[in-house]
Amino acid sequence: MKKVVFLLCLLVLVAPVLSAGDLSIFGAWWSEKDPGDVYGLGFRLTGQEGPWAADLTVTWLDDSTYSDYWPGRDGYYRQDMQTVPVELGIRYIADTYRAFRPYGGGGFGYYFNDSDWARVDDSWGFYALVGFNWGNRNTFDFFAEGIYRWVDTDVKVADPVAGDQRFDADLGGFGINMGVVIHF
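In this text, residue positions in the sequence shown follow my numbering: the first is 1, and each later residue adds one.
Mixed in with the good hints there might be a few duds.
Cβ pair distances, simulated, as ranges [said to hold, decoys possible]: (1) Ile176 - Trp124: 17 to 27 Å; (2) Phe142 - Pro51: 46 to 56 Å; (3) Asp121 - Ser31: 18 to 28 Å.
Derived by calculation from the structure, the hints in this document are not laboratory data. Glycine included, each C-beta is placed from N, C-alpha and C at the ideal position.
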(Lines of atoms letter the chains of each structure in order from A; the text may use other names.)
(Lines give C-alpha, C1' and ligand atoms only; values in the text may rest on other atoms or scores of the structure.)
Protein backbone atom coordinates (compact mmCIF):
# COMPACT_ATOMS: atom_id res chain seq x y z
CA MET A 1 0.00 0.00 0.00
CA LYS A 2 2.89 2.33 0.83
CA LYS A 3 4.22 1.91 -2.72
CA VAL A 4 0.89 2.71 -4.35
CA VAL A 5 0.36 5.87 -2.27
CA PHE A 6 3.91 7.06 -3.00
CA LEU A 7 3.50 6.46 -6.75
CA LEU A 8 0.15 8.27 -6.86
CA CYS A 9 1.52 11.28 -4.96
CA LEU A 10 4.57 11.44 -7.21
CA LEU A 11 2.43 11.21 -10.33
CA VAL A 12 0.17 14.05 -9.12
CA LEU A 13 3.20 16.25 -8.36
CA VAL A 14 4.92 15.75 -11.71
CA ALA A 15 1.88 15.49 -14.00
CA PRO A 16 1.94 19.18 -15.00
CA VAL A 17 5.63 18.92 -15.91
CA LEU A 18 5.21 15.72 -17.87
CA SER A 19 1.88 16.47 -19.55
CA ALA A 20 2.87 13.41 -21.47
CA GLY A 21 4.18 13.92 -24.90
CA ASP A 22 5.59 10.39 -24.97
CA LEU A 23 4.90 7.04 -23.36
CA SER A 24 7.66 4.42 -23.34
CA ILE A 25 7.17 0.73 -22.57
CA PHE A 26 10.29 -1.38 -22.13
CA GLY A 27 12.02 -4.47 -20.87
CA ALA A 28 14.82 -4.00 -18.34
CA TRP A 29 17.86 -5.76 -16.91
CA TRP A 30 19.92 -4.47 -13.97
CA SER A 31 23.04 -6.07 -12.52
CA GLU A 32 22.89 -5.10 -8.84
CA LYS A 33 26.31 -5.51 -7.24
CA ASP A 34 25.34 -7.45 -4.11
CA PRO A 35 22.07 -9.28 -4.91
CA GLY A 36 22.85 -9.97 -8.58
CA ASP A 37 20.80 -9.62 -11.77
CA VAL A 38 17.16 -8.56 -11.79
CA TYR A 39 14.85 -8.44 -14.83
CA GLY A 40 11.55 -6.75 -15.46
CA LEU A 41 9.31 -4.31 -17.28
CA GLY A 42 8.78 -0.58 -17.04
CA PHE A 43 7.12 2.51 -18.42
CA ARG A 44 8.20 6.12 -18.80
CA LEU A 45 6.20 9.32 -19.21
CA THR A 46 8.11 12.08 -21.00
CA GLY A 47 7.45 15.77 -21.47
CA GLN A 48 9.70 17.52 -23.95
CA GLU A 49 10.59 21.14 -24.67
CA GLY A 50 13.10 21.43 -27.50
CA PRO A 51 16.07 19.14 -26.95
CA TRP A 52 15.34 18.77 -23.20
CA ALA A 53 13.07 15.99 -21.93
CA ALA A 54 11.74 15.44 -18.39
CA ASP A 55 11.06 11.81 -17.46
CA LEU A 56 9.10 9.91 -14.84
CA THR A 57 10.13 6.25 -15.03
CA VAL A 58 8.73 3.31 -13.07
CA THR A 59 10.31 -0.13 -13.47
CA TRP A 60 9.36 -3.41 -11.80
CA LEU A 61 12.41 -5.68 -11.48
CA ASP A 62 12.37 -9.18 -10.00
CA ASP A 63 14.78 -12.06 -9.70
CA SER A 64 13.16 -15.36 -8.88
CA THR A 65 15.79 -17.49 -10.57
CA TYR A 66 18.34 -17.74 -7.76
CA SER A 67 18.14 -20.76 -5.48
CA ASP A 68 20.41 -21.68 -2.61
CA TYR A 69 20.98 -24.71 -0.42
CA TRP A 70 19.90 -24.11 3.17
CA PRO A 71 21.55 -26.75 5.39
CA GLY A 72 19.13 -26.13 8.28
CA ARG A 73 16.20 -27.22 6.14
CA ASP A 74 18.06 -29.85 4.08
CA GLY A 75 16.99 -28.48 0.74
CA TYR A 76 16.97 -25.71 -1.79
CA TYR A 77 14.93 -22.57 -1.47
CA ARG A 78 14.47 -19.50 -3.61
CA GLN A 79 15.85 -16.10 -2.73
CA ASP A 80 13.61 -13.60 -4.51
CA MET A 81 14.70 -9.96 -4.76
CA GLN A 82 12.28 -7.35 -6.07
CA THR A 83 13.16 -3.72 -6.75
CA VAL A 84 10.83 -1.01 -8.03
CA PRO A 85 12.76 2.13 -9.05
CA VAL A 86 10.64 5.27 -9.33
CA GLU A 87 12.93 7.75 -11.06
CA LEU A 88 12.60 11.40 -12.03
CA GLY A 89 15.18 12.76 -14.43
CA ILE A 90 16.14 14.91 -17.35
CA ARG A 91 17.66 14.03 -20.74
CA TYR A 92 19.30 16.05 -23.47
CA ILE A 93 18.45 14.74 -26.93
CA ALA A 94 21.28 15.65 -29.31
CA ASP A 95 19.32 15.88 -32.58
CA THR A 96 15.54 16.00 -32.45
CA TYR A 97 14.89 16.07 -36.23
CA ARG A 98 16.50 12.84 -37.47
CA ALA A 99 15.47 9.19 -37.30
CA PHE A 100 18.48 8.35 -35.07
CA ARG A 101 18.47 10.58 -31.96
CA PRO A 102 21.15 9.95 -29.29
CA TYR A 103 20.63 11.27 -25.76
CA GLY A 104 22.20 11.43 -22.32
CA GLY A 105 20.87 12.38 -18.92
CA GLY A 106 20.36 11.50 -15.31
CA GLY A 107 18.33 12.08 -12.21
CA PHE A 108 17.34 10.65 -8.85
CA GLY A 109 15.00 7.95 -7.70
CA TYR A 110 13.37 6.20 -4.81
CA TYR A 111 13.92 2.44 -4.80
CA PHE A 112 11.33 0.16 -3.23
CA ASN A 113 13.07 -3.10 -2.26
CA ASP A 114 11.63 -6.39 -1.08
CA SER A 115 12.94 -9.88 -0.54
CA ASP A 116 11.65 -13.17 0.79
CA TRP A 117 14.91 -13.97 2.59
CA ALA A 118 15.65 -10.65 4.34
CA ARG A 119 14.25 -7.28 5.29
CA VAL A 120 15.61 -4.82 2.73
CA ASP A 121 15.07 -1.11 3.36
CA ASP A 122 13.78 1.21 0.66
CA SER A 123 16.32 3.84 -0.34
CA TRP A 124 17.14 6.93 -2.39
CA GLY A 125 19.66 6.88 -5.22
CA PHE A 126 20.92 8.48 -8.41
CA TYR A 127 21.29 7.37 -12.00
CA ALA A 128 22.91 8.39 -15.28
CA LEU A 129 22.03 7.08 -18.73
CA VAL A 130 22.99 7.23 -22.40
CA GLY A 131 20.96 5.86 -25.27
CA PHE A 132 19.20 6.52 -28.52
CA ASN A 133 15.77 6.65 -30.13
CA TRP A 134 15.40 5.34 -33.66
CA GLY A 135 12.30 5.76 -35.79
CA ASN A 136 9.64 8.31 -36.59
CA ARG A 137 9.56 11.10 -34.01
CA ASN A 138 5.88 11.78 -34.78
CA THR A 139 4.46 8.25 -34.30
CA PHE A 140 6.68 5.73 -32.51
CA ASP A 141 10.36 4.87 -31.96
CA PHE A 142 12.43 2.02 -30.73
CA PHE A 143 14.94 2.88 -28.03
CA ALA A 144 17.88 1.32 -26.22
CA GLU A 145 19.82 2.77 -23.32
CA GLY A 146 22.51 1.92 -20.83
CA ILE A 147 21.85 3.08 -17.29
CA TYR A 148 24.05 3.11 -14.19
CA ARG A 149 22.45 3.44 -10.76
CA TRP A 150 24.09 4.38 -7.44
CA VAL A 151 21.95 2.89 -4.65
CA ASP A 152 22.85 1.61 -1.17
CA THR A 153 20.49 0.04 1.34
CA ASP A 154 20.42 -1.80 4.66
CA VAL A 155 19.61 -5.50 4.87
CA LYS A 156 18.54 -7.41 7.98
CA VAL A 157 18.67 -11.21 7.85
CA ALA A 158 16.95 -13.26 10.56
CA ASP A 159 19.15 -16.31 11.12
CA PRO A 160 17.72 -18.86 13.60
CA VAL A 161 21.23 -20.00 14.58
CA ALA A 162 23.37 -16.84 14.53
CA GLY A 163 20.62 -14.33 15.32
CA ASP A 164 19.77 -11.19 13.41
CA GLN A 165 22.50 -9.89 11.14
CA ARG A 166 22.60 -6.42 9.58
CA PHE A 167 24.74 -5.32 6.66
CA ASP A 168 24.91 -2.70 3.94
CA ALA A 169 24.06 -3.82 0.42
CA ASP A 170 25.26 -2.06 -2.70
CA LEU A 171 22.45 -2.25 -5.25
CA GLY A 172 24.28 0.01 -7.68
CA GLY A 173 25.24 -1.29 -11.08
CA PHE A 174 24.80 -1.20 -14.82
CA GLY A 175 21.52 -1.93 -16.57
CA ILE A 176 19.95 -1.95 -20.01
CA ASN A 177 16.47 -0.78 -21.03
CA MET A 178 15.02 -1.51 -24.48
CA GLY A 179 11.55 -0.85 -25.80
CA VAL A 180 9.11 1.31 -27.74
CA VAL A 181 8.29 5.03 -27.45
CA ILE A 182 4.81 6.12 -28.48
CA HIS A 183 4.56 9.85 -29.34
CA PHE A 184 1.29 11.70 -28.76
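Evaluated hints:
1. Ile176 - Trp124: 17 to 27 Å: Cβ of Ile176 to Cβ of Trp124: about 23 Å, so the range 17 to 27 Å holds.
2. Phe142 - Pro51: 46 to 56 Å: violated, 20 Å
3. Asp121 - Ser31: 18 to 28 Å: With a Cβ separation near 20 Å, Asp121 and Ser31 satisfy 18 to 28 Å, so the hint holds.
Comparing the model with each numbered hint stated earlier shows that hint 2 is the single one that does not hold.
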